[in-house]
Structure formats: structure tokens, C-alpha cells
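Asker: This is what each chain is made of:
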Amino acid sequence: ILNVEQSPQSLHVQEGDSTNFTCSFPSSNFYALHWYRWETAKSPEALFVMTLNGDEKKKGRISATLNTKEGYSYLYIKGSQPEDSATYLCAILDNAGNMLTFGGGTRLMVKP
Amino acid sequence: GAGVSQSPSNKVTEKGKDVELRCDPISGHTALYWYRQSLGQGLEFLIYFQGNSAPDKSGLPSDRFSAERTGGSVSTLTIQRTQQEDSAVYLCASSLAGGDTQYFGPGTRLTVL
Chain A
952 ILNVEQSPQS
962 LHVQEGDSTN
972 FTCSFPSSNF
982 YALHWYRWET
992 AKSPEALFVM
1002 TLNGDEKKKG
1012 RISATLNTKE
1022 GYSYLYIKGS
1032 QPEDSATYLC
1042 AILDNAGNML
1052 TFGGGTRLMV
1062 KP
Chain B
14 GAGVSQSPSN
24 KVTEKGKDVE
34 LRCDPISGHT
44 ALYWYRQSLG
54 QGLEFLIYFQ
64 GNSAPDKSGL
74 PSDRFSAERT
84 GGSVSTLTIQ
94 RTQQEDSAVY
104 LCASSLAGGD
114 TQYFGPGTRL
124 TVL
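From first to last, the protein sequence lines are chains A and B. FYI, the numbering used here numbers position 55 of the first sequence as 1006, with every residue one higher than the one before it. FYI, the numbering used here numbers position 45 of the second sequence as 58, with every residue one higher than the one before it.
Simulated from the structure, these hints should not be mistaken for lab results. For glycine and all other residues, C-beta sits at the position ideal for the given N, C-alpha and C. Be a bit skeptical, because a hint or two may be false.
From the derived model, a few chain A residues whose C-beta atoms are all more than 10 Å from chain B [claimed, not checked]:
1. Thr970
2. Glu996
3. Gly1005
4. Lys1010
5. Gly1011
6. Arg1012
7. Ile1013
8. Thr1016
9. Asn1018
10. Lys1020
11. Ala1037
12. Asn1049
Restraint ranges, calculated between C-beta atoms of paired labels, are given here [unchecked claim]:
13. B:Asp76 / A:Gly967: 48 to 56 Å
14. B:Ser86 / A:Lys1010: 27 to 35 Å
15. B:Asp76 / A:Asp968: 41 to 49 Å
16. B:Gln93 / A:Gln1032: 39 to 47 Å
17. A:Lys1010 / B:Thr124: 33 to 41 Å
18. A:Glu996 / B:Gly85: 40 to 48 Å
19. B:Ala67 / A:Glu1007: 35 to 43 Å
Pulled out of the complex, with its shape left as it was, chain A reads as follows (with noise of 0.2 Å):
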């Protein structure tokens, strides 16, 4: 079982603040990472698949960042909006595996 572990659980910032939070994972036999994004009473949705090390994803004002030799991931949003209020999941696929795990998520509430 991967461990796959996202910090902090929750974030409170201001509209306008930038933030980032992170997602680690075991570095060995890695094979690709997702971020999804996940809204309140909505689906989660697939923001980024990430493979190689020294990656970055960008799209508009959100961007991430992989380091797989020692296993971590970062998600950069830019001049948060209320609108970026949501889970935010990582998930990892390994070599030795065919599905995600997904970490627990980090939830941000940007205030107005």
C-alpha cells in the first residue's frame, strides 16, 4: 500500500493571497501523479498528470511542480479567488501497481 500524504489537511487565505501546499509520496518505483481538484458538492476533476522528474504543469493561475527523486509534489495558485475554494488531491501510480492512491487531500477556503 502506498502512503501518499498531502499538507496541511486545510488552508484559510485571503483573495489575492498566492499559496502552495504540498503532496509526498515514496520516491521508489514511481511512476506518474495526478492532481485533481475537487469542489464541494461536485466531482473531483483531473488538473494534472505529471511522469517525469523536474516536471511543471501550469494552467492559468494554478501550476505544480514534481520532484521525484525525493518524492514530492507542489501546487502553486497564484492571486487566489473564492472560487479556488476546493479539496485539492494528489494521487500517485507506482511501478508495482495499476490504479491510484490517492492522499487525503488538502482543502482550501480562500475568503473574500
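Following the hints, put chain B in place on chain A, whose structure we already have.
Answerer: Using the frame of chain A, we list chain B on its own:
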């Protein structure tokens, strides 16, 4: 195209009754997953189907829970003798193959009185 659909969207039942939850995955997706989210909790894996292989049932919380996937498409999650702690949102997801991006359905909110 059509996404993952689930039915019913809401289900209220009495303790001790059996319930069936349905998931229609995206056409052509070989992998199907069931998760649940209890109040204040994260995403809890329940069961995973991949093609014709035996399902991975390692996340099922008790033997009251079972699931089947007929014809490699529609899946039904059955909870027998429901308990109040079974109250949760049950989410289904599908992916093209195991390990690929998962596409989630809208969920079924189950309330056990």
C-alpha cells in the same frame, strides 16, 4: 460525450435495509472504481474493476458491501443491512485503463436513518 453517471443521486433508507447504487462508466473505459466520502473525511477507496480480471476488493469495509460489474460496463454497489455509519457520498469513477486519469460521476448521497 457522456460522462460517468450514477443513480440514484440521493437515497434515504432505514437501518437494516439493503441498497443498490448504480454506476454507468464512460463507454470504452475498461477500469471502474468505487469510492466513498463520509462526513468530514477524504476519498476512501472501496473496489476496483479492470477488464475481465478479478476485482480488487481490498477497500470494502465489511462483508455487507459487494459490487459487480456486468458485461464490463455498468456496475452495481450493494450494501446489505445498512448501518448509520454507511451514510456517505458514494462516488464512481472510470478510466481508459488502470492508472489513467479517472473521471468521476456526480455521486450518490446515501443517508441511513
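Asker: When the structure is checked against the list of hints, which entries are broken? Sort them ascending.
Answerer: 2, 12 and 18
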